[in-house]
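Q: In case you want the letters, here they are:
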Amino acid sequence: MLIKNKKGGDKLLSLWWFFILGVIGGFIVLGVVIYYSADTNVNPIEASILSDKLVGCLIQEGNLNSNVFNPDFDLFKECNLDRKMFGIGSFLYFNISIYDSDNKLIRELINGSGTFELDCKVGMKINAKYFPSCVSENYFANSGNKSYRINILGGSNQLGAKIPIVN
Amino acid sequence: MEKRAEAGLLETIVFLILNVIFFGVMMVFAYNSGSQSFIYEQAYAKQLALLVDNAKPDMVVMINIEELIPIALKNSKNINQVFIVDEKTNEIKVNLNPSGGYGYKYFSDNSVKLEVRENYLFVTVTKKSLDVN
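Sequence order for the protein chains is A and B.
Counted the way my numbering counts, the first sequence spans residues 1 to 167.
Counted the way my numbering counts, the second sequence spans residues 1 to 133.
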């Protein structure tokens, strides 16, 4: 019936054509929205920079900064870190563990939320957007006649934010 | 017979015009999306914050920002007001849109100065003076 009625067939073709245009348009818009809503995650780089900064001030030319064993050791001052950016609830975390030659933990410096390390492990396995990224590395250094293994873990969970009018 | 032919021609013309409008709108949408400034805001804010964290005091870094100048002009933004450092919150703000911008924080305890000269952004990182806190 439709095939015989040419005018009706034309109308059907028009409707069908506009439906196709709508679908094409919808997919173009969807593609653009998905592409531009993609977030660049620089947390692994930030964690790596934090870790490198900590290494740089704790170990110099293979020697462990001897002040680190001093109870009054101010890591923020030594490493040129802004104290207000760290602490519980901050998006940054670090854990410095110093072991002696017998692998006995002799000094530990931790700053940040306690769940950070666990979240990092989860984040590494499931590649989730809102989980932190961590970098953990081992270093060997001497201080006096003793040698030490230093494990430095740096983490970041900064998301960045859109901000209102800036002027 | 002629009337029917005229009506058929009119329908075809309307159909073609609507198609042209549709593809025109799609092309304009794709073009505008291609120059979306918020991507640049995010990229530059993050890049600058990481640069500041990685920099050592008394370091000056030049960044070519040639690609941002036409976008700032298009959005009626003064290029000298696009990059802002908030030292109270340790935040680098990049603002290419009239409606707002993007901010990313740095953690190093340095003083940061951002200055645009011609096509370059000069990032000067210095040690914070002891009396500032």
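Simulated from the structure, these hints should not be mistaken for laboratory data.
Every residue gets a Cβ at the ideal spot worked out from N, C-alpha and C, and that includes glycine.
Hints are supplied without guarantee of correctness; some may be wrong.
To be verified - Here are the simulated lysine to aspartate or glutamate pairs, EDC-like style, with alpha carbons at most 20 Å apart:
#: 1; chain 1: B; residue 1: 56; chain 2: B; residue 2: 67
#: 2; chain 1: B; residue 1: 77; chain 2: B; residue 2: 115
#: 3; chain 1: A; residue 1: 77; chain 2: B; residue 2: 115
#: 4; chain 1: B; residue 1: 56; chain 2: A; residue 2: 52
#: 5; chain 1: A; residue 1: 77; chain 2: B; residue 2: 58
Unchecked claim - Listed below are several chain A residues computed to face chain B (Cβ distance under 10 Å; list not exhaustive):
#: 6; residue: 52
#: 7; residue: 53
#: 8; residue: 68
#: 9; residue: 72
#: 10; residue: 73
Q: Against this structure, judge whether each hint is valid.
A: Results of checking the hints against the structure:
In summary, the hint linking residue 56 (chain B) to residue 67 (chain B) is not supported, as the alpha carbons are separated by about 27 Å, beyond the 20 Å threshold. For the hint linking residue 77 (chain B) to residue 115 (chain B), the alpha-carbon distance of about 15 Å falls within 20 Å, and the restraint holds. Of the supplied pair hints, the one linking residue 77 (chain A) and residue 115 (chain B) is violated, its CA atoms being roughly 27 Å apart against a limit of 20 Å. For the suggested pair residue 56 (chain B) and residue 52 (chain A), the alpha carbons sit about 12 Å apart, so the restraint of at most 20 Å is met.
Our distance criterion of 20 Å between C-alpha atoms is met by residue 77 (chain A) and residue 58 (chain B), whose separation comes to about 17 Å. Checking residue 52 (chain A) against chain B: minimum C-beta separation of about 8 Å stays under 10 Å; hint holds. Interface restraint check: residue 53 (chain A) against chain B, minimum CB-CB distance 7 Å, threshold 10 Å, status holds. Hint on residue 68 (chain A) is violated. Least Cβ distance to chain B is approximately 19 Å, over the 10 Å limit.
With its C-beta approaching chain B no nearer than about 18 Å, residue 72 (chain A) sits outside the 10 Å limit, and its interface hint is violated. The closest approach between the C-beta of residue 73 (chain A) and any C-beta of chain B is roughly 16 Å, which is over the 10 Å cut-off, so the hint fails.
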